[in-house]
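Peer 1: So you can see what is in the structure, the chains are spelled out below.
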Amino acid sequence: GAVVSQHPSRVICKSGTSVKIECRSLDFQATTMFWYRQFPKQSLMLMATSNEGSKATYEQGVEKDKFLINHASLTLSTLTVTSAHPEDSSFYICSASPGSGKNYEQYFGPGTRLTVT
Amino acid sequence: KNQVEQSPQSLIILEGKNCTLQCNYTVSPFSNLRWYKQDTGRGPVSLTIMTFSENTKSNGRYTATLDADTKQSSLHITASQLSDSASYICVVSAPNDMRFGAGTRLTVKP
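Taken in sequence, the protein lines are chains A and B. Residues -5 to 111 in the numbering used here are what the first sequence spells out, letter by letter. Residues 302 to 411 in the numbering used here are what the second sequence spells out, letter by letter.
Heads up, a few of these hints could be off.
In silico DSS-like cross-links for lysine-lysine, where the CA-CA straight-line distance does not exceed 27 Å [said to hold, decoys possible]:
(1) A:Lys49 with A:Lys35
(2) A:Lys96 with B:Lys318
(3) B:Lys372 with A:Lys35
(4) A:Lys14 with A:Lys96
(5) B:Lys372 with B:Lys410
(6) A:Lys14 with A:Lys58
(7) B:Lys410 with A:Lys35
(8) A:Lys60 with A:Lys8
(9) B:Lys358 with A:Lys96
(10) A:Lys8 with A:Lys58
(11) A:Lys35 with B:Lys318
Bear in mind the hints are in silico, worked out from the structure with no lab data behind them. None of the values given here were measured: they were computed from a predicted structure.
Next comes chain A alone, as it looks inside the complex (with noise of 0.2 Å):
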């Protein structure tokens, strides 16, 4: 049980154009869903923490603008890297749990590897 997922795996996008990934969680209700970006040889850094149907709440120095989040439904978020930018480039976990709160277990998603040329 807790399974989540995230499509696409990997992506090579061209300077400018939008990215979207979508994390999916797949035999239980998530409350609440976090992104993640890592860098390489970095642990997580959290990027927003979003509830099923509210406003995701960004942490300090993450551009709302730049980073679309949507939680649609208890199943899935997605994340889109508007015109995205070279600098943009990096892992991109979310994860999911059941709890509302950051104290709740978390299931995490297997990544999506984002190359921006």
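Assemble the complex: chain A is given as a structure, and chain B must be docked to it using the hints.
Peer 2: Same frame as chain A, now just chain B:
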């Protein structure tokens, strides 16, 4: 200053040997502490989650300890296998906050 410090930063051991990873934190108030294993290019997988009242918790060859008084946790891996090669991340949560450690990169060699 990061509120979760992990040590060592990296570790190389021979297959079959045991090892212990450390996590010290200053996060307060404390809700829980989680250990995750992250294989390269994959998402983290939960190993253990410990609350204030728990001193030790095992998951197969993984045993986590928690000393809430000294704010220290350890992850002990017994009889290491090649597949244990990964990053191990300590995450400490407060009621509405969570802090990630930088992780320990473990390499198990044959």
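Peer 1: Look at each hint and say if it fits the structure.
Peer 2: Here is how each hint holds up against the structure:
For a cut-off of 27 Å, the pair hint linking Lys49 of chain A to Lys35 of chain A is broken: about 31 Å separates their Cα positions. Between Lys96 of chain A and Lys318 of chain B the CA atoms are separated by roughly 35 Å; this puts the pair beyond 27 Å, and the hint is violated. Straight-line distance between C-alpha atoms of Lys372 of chain B and Lys35 of chain A comes to about 25 Å, which keeps the hinted pair within the 27 Å bound. Annotation: proposed proximity of Lys14 of chain A to Lys96 of chain A holds, straight-line Cα distance about 24 Å (limit 27 Å).
Distance restraint check for Lys372 of chain B and Lys410 of chain B: the Cα-Cα separation of roughly 31 Å exceeds the 27 Å cut-off, and the hinted pair is therefore not satisfied. For the hint pairing Lys14 of chain A with Lys58 of chain A, the CA-to-CA distance comes to about 14 Å; that is within 27 Å, so the pair holds. For the suggested pair Lys410 of chain B and Lys35 of chain A, the alpha carbons sit about 19 Å apart, so the restraint of at most 27 Å is met. Straight-line distance between C-alpha atoms of Lys60 of chain A and Lys8 of chain A comes to about 16 Å, which keeps the hinted pair within the 27 Å bound.
About 21 Å separates the Cα atoms of Lys358 of chain B and Lys96 of chain A, which keeps this hinted pair within 27 Å; it holds. Taken as a hint, the Lys8 of chain A and Lys58 of chain A pair is honoured in the structure, with Cα atoms around 21 Å apart against an allowance of 27 Å. As the CA atoms of Lys35 of chain A and Lys318 of chain B are separated by approximately 24 Å, the hinted pair is consistent with the 27 Å bound.
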